[in-house]
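Peer 1: Each chain, letter by letter, is given below.
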Amino acid sequence: MGRQEAKIALEDGTVLRGLSFGATGETCGEAVFNTSMTGYQEILTDPSYKGQIVAMTYPLIGNYGVNSEDVESSRPFVEGFAVKECSQIASNWRAEKTLGAYLKENGIIGIEGIDTRALTKHLRVAGVMKAVISTEDTDARSLIRKARESPGLVGRDLVKEVACQKQYVWGDEDRYTVVVIDCGVKYNILRSLASRGCRVIVAPAETGPEEILEMKPDGVLLSNGPGDPAGVPYVVETVRALLDKVPIFGICLGHQMLGLALGGKTYKLKFGHRGANHPVKDIRTGKICITVQNHGFCVNADTLDSREVEVTHINLNDQTLEGIRHRRLPIFSVQFHPEASPGPHDAVYLFDEFIAMLEERRAKKG
Amino acid sequence: MPRRDDIEKILIIGAGPIIIGQACEFDYSGTQACKVLRQEGFEVILVNSNPATIMTDTVMADRTYVEPITPEVVERIIEREKPDALLPTLGGQTALNTAVALADRGVLEKHGVEAIGAKIEAIRKAENRRLFKDAMLNIGLEVPRSAEAADMHEARDILRESGLPVVIRPAFTLGGTGGGIAYNIEEFERIALRGLELSMIHQILIEESVIGWKEFELEVMRDLKDNVVVICSIENFDAMGVHTGDSITVAPAQTLSDKEYQRMRDAAIACIREIGVETGGSNIQFAVNPNDGQMVIIEMNPRVSRSSALASKATGFPIAKIAAKLAVGYTLDEIPNDITKETPACFEPTIDYCVVKIPRFAFGKFPEADATLTTSMKSVGEAMAIGRTFKEALQKGLRSLEVGRAGLDDLKKDVPLEILSERLRTPNTERVFYIKHAFQKGMGIGEICELTGIDLWFLHNIKQIVALEREIAKYREPGSETIPTELLMRAKEFGFSDIQLAKLLGKDQVSISKLRHERAVIPTYKLVDTCAAEFEAFTPYFYSTYETGIEILERGT
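Top to bottom, those sequences are chains A and B. Note that the numbering used here numbers the first sequence so that position 346 is 346, with each residue one more than the last. One gets the numbering used here by counting positions in the second sequence from 1 and adding 1000 to each.
Just so you know, not all the hints are guaranteed correct.
[Claimed, not checked] Residues from chain A that keep clear of chain B, each with C-beta distances beyond 10 Å, as calculated:
no.	residue
1	Asp70
2	Arg124
3	Glu206
[Stated by the list, open to error] Stretches of chain B that chain A covers, calculated by requiring three or more beta carbons in the stretch to come under 8 Å of a beta carbon on chain A:
no.	region
4	1287-1293
5	1307-1315
6	1345-1356
7	1386-1393
8	1451-1462
[As the list claims (entries may be wrong)] Across the chosen pairs, the derived CB separations fall in these ranges:
no.	chain 1	residue 1	chain 2	residue 2	range
9	B	Val1403	A	Gly127	46 to 54 Å
10	B	Arg1519	A	Val154	39 to 47 Å
11	B	Glu1422	A	Glu26	52 to 60 Å
Everything labelled a hint here was simulated from the structure, so no lab data went into it. Cβ atoms here follow ideal geometry from the backbone N, Cα and C, with glycine treated the same way.
Use the sequences and the hints to build the structure in full.
Peer 2: Okay, here's the thing in C-alpha cells:
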C-alpha cells in the first residue's frame, strides 16, 4: 500500500508495528493513554503533554479534521501521537485540514494501525513508561535501547520549555486583574477568566513574588503544565511567598504546586488520569461533576495539615485527591480541568467561585 | 440517598404486543427492572398483554397480569393491588401513554399511587409538542420552527406560512406513527389528515423541514440529587428525514468536534432538567446543520427507549437496570458499575470500538407497502455489530442481518445513472449498496454526498472499502501471486468475510479460511468494558476483531 512503516517501542521491550502518519523521523517521550472520544486537537495543543507520547483509546481519530479555533496554545506539544486509524479526510464545516497534514506541518510524528487497546492495557498493568516512535529505525532492539536511554519525566523541568518567555496581556476586560503564573497554560483558562471580566496578565513561570505583587493583582491563577511538580521548585517558592498576600486558584500542575507550597507531598500515579469522563465529588455539596483530567502526579491528602487545609473534591473512581481549600485564606485548587476544552463543562462554576473570592476580598479591602 | 422505604409495592407496565417501533427491547428493559426491584425487596406487580415475553415468566414478578394494557384494565388492577407506586418509564410509549391516561382519569390520585421515574407532569411536558417547544425556548435552545394544528383548517393555515416541504408529527404516537414528510400539497393533505386521526389528542405538529441535517441522539441519566450523565452518543448515518429506527446508526458520534459535542451535551442536560424527568434515562434527539453547525433539539423521550437498549449493548452500561434503581431512590454514586466493580455508575462510559446498528426490513412480506423510508418507522428488527473500525462494524452488521448478504456486497446488476441518482436521493432499504455501486461507477464523493445528504466521513469509509476490494481483486488474475498476508489482514480489519474474499479472489470459502489460518490471520476477542481498558473489567462481554492483542486468553480481564 506504499505507506511508510513506523514502530513504537517501550522501555520494557514491548514493540508494536504500525504505519506512519504526520511527520516522519524519531521521537521519544513517556507513553500515556487518553480515553476522550473527542477533542484530539485540544489534546495535541495542551502544553501539559510536553514530554509525552499520547495514545488515544478511541480508535477513529481525525474524523472532523483540524481548525484554527480549537487550539489550547500556539502549537501542538505532544512528542508523538498513536491511534488505531487516522481519518484521511476531514469532515466538518469548520475543518481546515486533515489531522495528518496538521501533524506533518507541525513536525509531530504519528503512528497508526496499532492495537491501541493492547497498548492501553499494557500501560494500565505495567504503568506508564518511556517510549520511542520511529519511522527510520526498524530494529526492535535498537528502539528499545533508545526508549530506555530517553530522559523520562520524573524530576525534570519541562515547564521552561512550554511557558511564555515574556509577559503578555490576554483580553481587554478590566474589572479584575488576575496574574496567571504560566507553566504551560491552556488558552481556555485565559478565555474563562477574560469572559468573567478579568484583565489577564500572563507571567513567565520564573516571575518572582515581588514582581507579581507589583502588578497589583486581585488574584493569582497557578496554571496547568507538564511533568513533575518536583521539577519546578522555584514556582513552588513563589507560591509559598504569595500564600497570605493574594487570593489564589490552582489548576492541575497549579494544584500540585500549591499542595507542595502548603507543605504537602506529591507522588506519581501508575498510569495517570487522562480522559473526559472522571467523576469528581464536591464534598461540600455532594454534587458530582464529570470532569476532564490530564495528570500523572497527585497530591497525597494525608501529607496536608488538615487544620489548615480542607479536602473539597475527591475522584470517585479511585478516591484520589481532586481539590483543596485553605481554611483561613482565600486559596483553593483542583486537580481536574474546570476550563474543559476538551471535555464537559460541569465544573466551570469554579471560575465563578474564584471571581466571588476576588469580589469578597475587594469588599473587605474597601 | 439510599433506597426509599416509604414504598413497598410497585406496579410496572409492560409494552404489550410486539409491533413496529416497539419490539423486544422493552421486554429487555422491563425484565431488568423487575429483577432489580425484586432484588431490592420490593413487591413487583406486572401488567403486560404479551405472554410471549421474558418479563411475564412467573419468576419475574410477584404477580403478573396478562391483560390488555388499557387504562380501564390497569385501573382495575390498581384497585385490586393497591400499589404504592407506578413505574411507567420502562414499557415504551404504551406504558407512558397508559400512565398519563390513568392520571387523567384521576385513578392515581384516588388510590394514592405515585408515579416514579418520571412524574406525570414531566411526561406531559416532554410529549406535548407545544409544551416541549416552549420549555426548550425557555432554556435558550433552538427548535425547528413549527406550529400545531387540531384540524385540517388550521393545518392549511400553517402551511401557507411555512411552505413546503414540512414534517408532520402527530402528538403522542409511537415510533412516529402517522407522521411523514410532505413535499407537495397532496402528500400534505394525506399525511396531515392521517396524523390527526392517529394522534391520541388529535394534534399534529407541522414543522420546518430540517431534512438533510445531521441527526444525533444522546442517552442521558439523572438521579434525585440532580446528577446527570450522558451514557452514549449516537449518530445517524442517514440525514434527517429517515426515522432513527430505520436508519443505520453509529455509536459514538463520529463527526462532531469536541466543541460541538459539549454544546450538545450541555443542551441535553439542560433539557432533562427543564422537562423535570427526575430519575432514569431519557433519549434526546438533535439535528445539526452540516453547513454552519446550527443545532436544534428535535424531541425527547422521557423514558427508556429503543435507543437506550442499543446504548446499553453498545457501552456495557445497563441503562434500564440503573434507571430502576434510581427510581427507588438510589443516586448514581451509590450504584457500582457492574463491569469494573471498583468504580461507581456515576460516570460517562467511554468506548474503544465503533458500534453500527442496521435496521432489518420485511417488505417482502408486505408487497403493497411503500418501501421508501420516511419519518414513520418501518423496520421490523435490527442487527448491531461492534468493530475497531466503522468499516468492520458496518460489514459485520450487514451480514448479521441474515438477509443473504456477506457484507457490503455488490448489487446484482448494473444500475443506470439516472435510476442510481434517484436511489441515492430517496432513502430506501438498499441505499448503502447503491452508494457502493455509485463509487464503483466512478461517481464522486461530493456528488454522492449532495444526493444522499450522508456525511462525507461515512461515505469516505465506504469508498475505502471499494478501493480495498479493487486491490484484493488484483490477486485474482491468472498467474498472479497469492494475496499478501498484510493485505489479507487489512481486509479483515475492514470487515471482509471469507465469503466476500473468496468471491473477489475467485476461490471458495474453505480455501480462504485455510489460507488465513496458515498465515495466522485469525480473529481476536476484545472486551466491552465501559471504560476503554482504563480499569479492569469482570464481565465477559466480548466482540471479535482482527488485532494483535488477544484478551480472551487472559484470565479475569
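Peer 1: For each hint, tell me whether it holds in the structure or not.
Peer 2: Do the hints match the structure? See the list:
1. Asp70: Not fine: 6 Å to the nearest Cβ puts Asp70/A too close to chain B.
2. Arg124: 6 Å, violated
3. Glu206: Consistent with the label, Glu206/A stays out of reach of chain B, its closest Cβ about 32 Å off (over 10 Å).
4. 1287-1293: holds (count 4)
5. 1307-1315: violated (count 0)
6. 1345-1356: Held - the region 1345-1356 of chain B has 9 residues with a Cβ nearer than 8 Å to chain A, which meets the minimum of three.
7. 1386-1393: That given contact holds, which follows from 3 residues of the region 1386-1393 of chain B lying within Cβ reach (below 8 Å) of chain A.
8. 1451-1462: With 4 residues in contact (Cβ-Cβ under 8 Å with chain A), the coverage given for the region 1451-1462 of chain B holds.
9. Val1403/B x Gly127/A: 46 to 54 Å: Check passed, 48 Å falls within 46 to 54 Å.
10. Arg1519/B x Val154/A: 39 to 47 Å: Holds: the Cβ-Cβ distance is about 43 Å, inside 39 to 47 Å.
11. Glu1422/B x Glu26/A: 52 to 60 Å: 53 Å, holds
The earlier numbered hints that this structure contradicts are 1, 2, 5.
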